[in-house]
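Assemble the complex: chain A is given as a structure, and chain B must be docked to it using the hints.
Protein sequence lines, in the order shown, are assigned to chains A and B.
So the number in the numbering used here is just where the residue sits in the first sequence, counting from 1, plus 3.
So the number in the numbering used here is just where the residue sits in the second sequence, counting from 1, plus 3.
Derived from the structure by calculation, the hints contain no laboratory data.
In this text, all values refer to a predicted model and were calculated from it rather than measured experimentally.
Each residue gets a CB set at the ideal place from its N, CA and C atoms; glycine is no exception.
Among these hints, one or two may not hold up.
[What the hints assert, rightly or not] In silico lysine to aspartate or glutamate, DMTMM-like type, Cα no more than 25 Å apart, as pairs:
| no. | chain 1 | residue 1 | chain 2 | residue 2 |
| --- | --- | --- | --- | --- |
| 1 | B | K107 | A | E55 |
| 2 | A | K12 | B | E8 |
| 3 | B | K6 | A | E62 |
| 4 | B | K107 | A | D29 |
| 5 | B | K6 | A | E82 |
| 6 | A | K17 | A | D29 |
| 7 | B | K107 | A | D41 |
[Unchecked claim] Residues of chain A clear of chain B, computed beta-carbon distances all greater than 12 Å:
| no. | residue |
| --- | --- |
| 8 | Q9 |
| 9 | Q106 |
| 10 | R113 |
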Amino acid sequence: NAGVTQTPKFRVLKTGQSMTLLCAQDMNHEYMYWYRQDPGMGLRLIHYSVGEGTTAKGEVPDGYNVSRLKKQNFLLGLESAAPSQTSVYFCASSSQTGAGETQYFGPGTRLLVL
Amino acid sequence: SQKIEQNSEALNIQEGKTATLTCNYTNYSPAYLQWYRQDPGRGPVFLLLIRENEKEKRKERLKVTFDTTLKQSLFHITASQPADSATYLCALDMPGNTPLVFGKGTRLSVIA
Chain A
4 NAGVTQTPKF
14 RVLKTGQSMT
24 LLCAQDMNHE
34 YMYWYRQDPG
44 MGLRLIHYSV
54 GEGTTAKGEV
64 PDGYNVSRLK
74 KQNFLLGLES
84 AAPSQTSVYF
94 CASSSQTGAG
104 ETQYFGPGTR
114 LLVL
Chain B
4 SQKIEQNSEA
14 LNIQEGKTAT
24 LTCNYTNYSP
34 AYLQWYRQDP
44 GRGPVFLLLI
54 RENEKEKRKE
64 RLKVTFDTTL
74 KQSLFHITAS
84 QPADSATYLC
94 ALDMPGNTPL
104 VFGKGTRLSV
114 IA
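Pulled out of the complex, with its shape left as it was, chain A reads as follows:
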């Protein structure tokens, strides 16, 4: 099992450009999450999904969109990148939430917006 994978590993964007980050999991998990991690800020939840075709906003959703068309994939889109979106992005998945189920994280995507 590959667990949770993220594509790409690193990307440089210019302000205003768009891009999509891909997360894939092979554990048949219902729940998937996108976080960003910045120095001194910890992990902050951007959006999450409780199942195929459903998404919900997290703590810092502005400037991002997501889609969960297939159970195993969760896409994070930046329509018009800004320097404030320079960060490390982590995807995670879990079978449940609120029931002692752990989250499994991907290796992260480093994004630099110039």
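Quick look at chain B alone, frame taken from chain A:
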């Protein structure tokens, strides 16, 4: 809203000593409290979880305590080693359909 605080941003400790990390939260007690380890350049990895009605949980050199009166969890690493150097995150696992709430983490450095 629920808030979680890990009291130290960084903690330095000598090899062989016990490292103790603190996680405090406000408002309601979670159903579970989870601890993760994160190495530089990698995603967090689950270590241990403790239920609301458990006072203590152990796994090898790791021990977690949970005090709902103090609204606090302590994470101990006994006989610490340089390989234990990492950032440790605690997370509140609230009842219902809500995602985990993560603390900012404590960066532990074990010095040989």
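### Task
Against the earlier hints, flag every one the structure doesn't satisfy and list their numbers going up.
1, 2, 4, 5, 6, 8, 9 and 10
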